[in-house]
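Just so it is clear: in the sequence shown, position 228 is 787 by my numbering, and no numbers are missing.
Please keep in mind that the hints were generated in silico from the structure rather than gathered at the bench. Watch out, some of these pointers could steer you wrong.
List of simulated lysine to aspartate or glutamate pairs, EDC-like, C-alpha gap at most 20 Å [what the hints assert, rightly or not]:
1) K702 x D719
2) K888 x E905
3) K888 x E914
4) K938 x E878
5) K888 x E942
6) K705 x D719
7) K779 x E767
8) K715 x E667
9) K717 x E747
10) K842 x E854
11) K859 x E927
12) K859 x E896
13) K717 x D707
14) K717 x E749
15) K779 x E756
16) K859 x D836
17) K634 x E749
18) K839 x E878
19) K705 x E749
20) K715 x E767
21) K842 x E912
22) K779 x D895
23) K715 x D769
24) K717 x E644
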Amino acid sequence: MSKKTKIVTLADGTKVLDELKRRAMSSFRFQIPTQVTTEATRKVLDAASLCYYNRPPKNAVQDNVPVPTEPGSLKLSADRYIEVEFRALSAVFLNQRGLDFSRPGVLEAAVPMLQGKTVYPNHQFQDIYNWLGVVSESFWDAKGDKADGVPGINCKVKIDAFLNYRIACGLMMNPPAVNAMSLTVVFEFEYSHPQMERWRFWELLGEEVDGEVVRLIVTKIIEFWEASLVPVGEDRMAIHQGNIEEDPDDESGDESFSAADPNLPANSNEEKTMKLDKEKKAKLGIEFDGDDVPETELLKAAEALAAQVTTLQPTNLAELTAKSELADKLLGEKRDEVVRLAKLAELGAAEGELEPVVAETIADAGFERLQSLHTYYQKKAAERFPQTGRSSFENNGEIENAGNGKKPAGSKGSVNGMF
């Protein structure tokens with residue numbers, strides 16, 4: 560036995576090896592500070608909740624997949640996959656488990672190791688049948704725009720939606736129901752308090768001693784075993800980044816409806832109308848048969864009346880003022896609608912401020928210009944908020960509702976963990 564190795568007995572009587580430098584199993588539900596002996600392997604790994612899962616039943620879709628029999632018939636179409644971006648691991652101190660990944664350069668150097676790793680559910684990687692997909696791309700996120708400014712490793716996971724339809728739905732819905740990631744990592748570390756008795760170190764892990772938190776300082780990532788989709792990860796910033804990659808070759812979303820389609824749905828580009836009785840039409844100077852007056856007629860009347868206010872005679876001032884106020888109200892409502900659509904199209908939400916040049920253009924627009932702007936921004940907003948991949952002319956319901964939307968020294972070690 561090496562001079563650097565000694566036997567340590569855990570609280571439950573399990574004997575394990577303690578080495579100054581080692582690689583061992585660990586989990587964030589249980590810390591294993593040693594490399595286990597053969598006899599103790601099952602006890603320690605069971606306690607760590609890393610092994611010996613029962614194989615779950617096969618997915619129903621998987622059971623019904625027909626087996627290709629013709630030569631060359633085993634081909635996988637691109638449209639069965641979805642890609643989702645996640646924060647995989649952040650350069651932070653995970654205080655609940657006493658693990659410090661914040662040393663500069665450690666995580667960034669490990670970025671290439673993650674690409675190509677299999678994705679599983681809930682770290683159930685002991686059975687290959689549990690696979691969900693693969694890490695198709697990994698990259699360093701220095702700015703951490705979606706992680707409170709904390710840098711870390713980001714990745715794209717490619718999921719087979721055909722075999723894992725429920726998981727795919729959870730990833731694609733907004734907000735996502737499946738929204739956290741966890742990794743199994745093997746790493747080397749240093750003790751933050753190397754002078755401390757080892758049993759005492761593990762007892763005080765995560766607590767502050769002599770002005771410094773007792774922790775394992777990660778110095779090198781050795782490898783990633785796998786990536787998992789989980790309910791909640793130890794790294795609370797390792798979450799869904801909100802980007803769903805669509806297949807550029809998928810033509811299922813190319814359908815559109817003609818403006819003359821008799822089945823044109825509500826909330827589309829069909830011109831809106833307003834019910835006005837004969838008296839109100841007379842006040843506005845509108846000559847139109849029927850009570851359902853198109854907004855085009857309303858806005859034309861509004862502009863005409865607004866212009867008349869500047870050349871009023873005292874005798875009909877009150878009457879024309881009333882007409883002008885009604886016309887201004889209608890024109891203002893149209894202008895507000897254009898502003899709303901512009902914000903949805905440019906900002907993706909009904910809140911926020913438009914670029915000054917856009918805001919000024921809308922504010923100064925007359926009726927004809929407002930009509931053009933309304934058509935332009937309605938189409939642009941529909942493209943930003945598509946429904947099941949169809950064109951903006953099919954259904955703009957989503958648009959209508961979108962707005963109501965210290966450099967340590969001492970002994971070293973290595974460990975393997977999930978987070």
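Here's how the hints hold up against the structure:
no.: 1; hint: K702 x D719; result: 30 Å, violated
no.: 2; hint: K888 x E905; result: 25 Å, violated
no.: 3; hint: K888 x E914; result: 25 Å, violated
no.: 4; hint: K938 x E878; result: 39 Å, violated
no.: 5; hint: K888 x E942; result: 29 Å, violated
no.: 6; hint: K705 x D719; result: 26 Å, violated
no.: 7; hint: K779 x E767; result: 24 Å, violated
no.: 8; hint: K715 x E667; result: 16 Å, holds
no.: 9; hint: K717 x E747; result: 29 Å, violated
no.: 10; hint: K842 x E854; result: 16 Å, holds
no.: 11; hint: K859 x E927; result: 9 Å, holds
no.: 12; hint: K859 x E896; result: 17 Å, holds
no.: 13; hint: K717 x D707; result: 25 Å, violated
no.: 14; hint: K717 x E749; result: 35 Å, violated
no.: 15; hint: K779 x E756; result: 24 Å, violated
no.: 16; hint: K859 x D836; result: 18 Å, holds
no.: 17; hint: K634 x E749; result: 49 Å, violated
no.: 18; hint: K839 x E878; result: 12 Å, holds
no.: 19; hint: K705 x E749; result: 30 Å, violated
no.: 20; hint: K715 x E767; result: 37 Å, violated
no.: 21; hint: K842 x E912; result: 37 Å, violated
no.: 22; hint: K779 x D895; result: 57 Å, violated
no.: 23; hint: K715 x D769; result: 41 Å, violated
no.: 24; hint: K717 x E644; result: 9 Å, holds
Of the numbered hints given earlier, the model fails hints 1, 2, 3, 4, 5, 6, 7, 9, 13, 14, 15, 17, 19, 20, 21, 22 and 23; all others are met.
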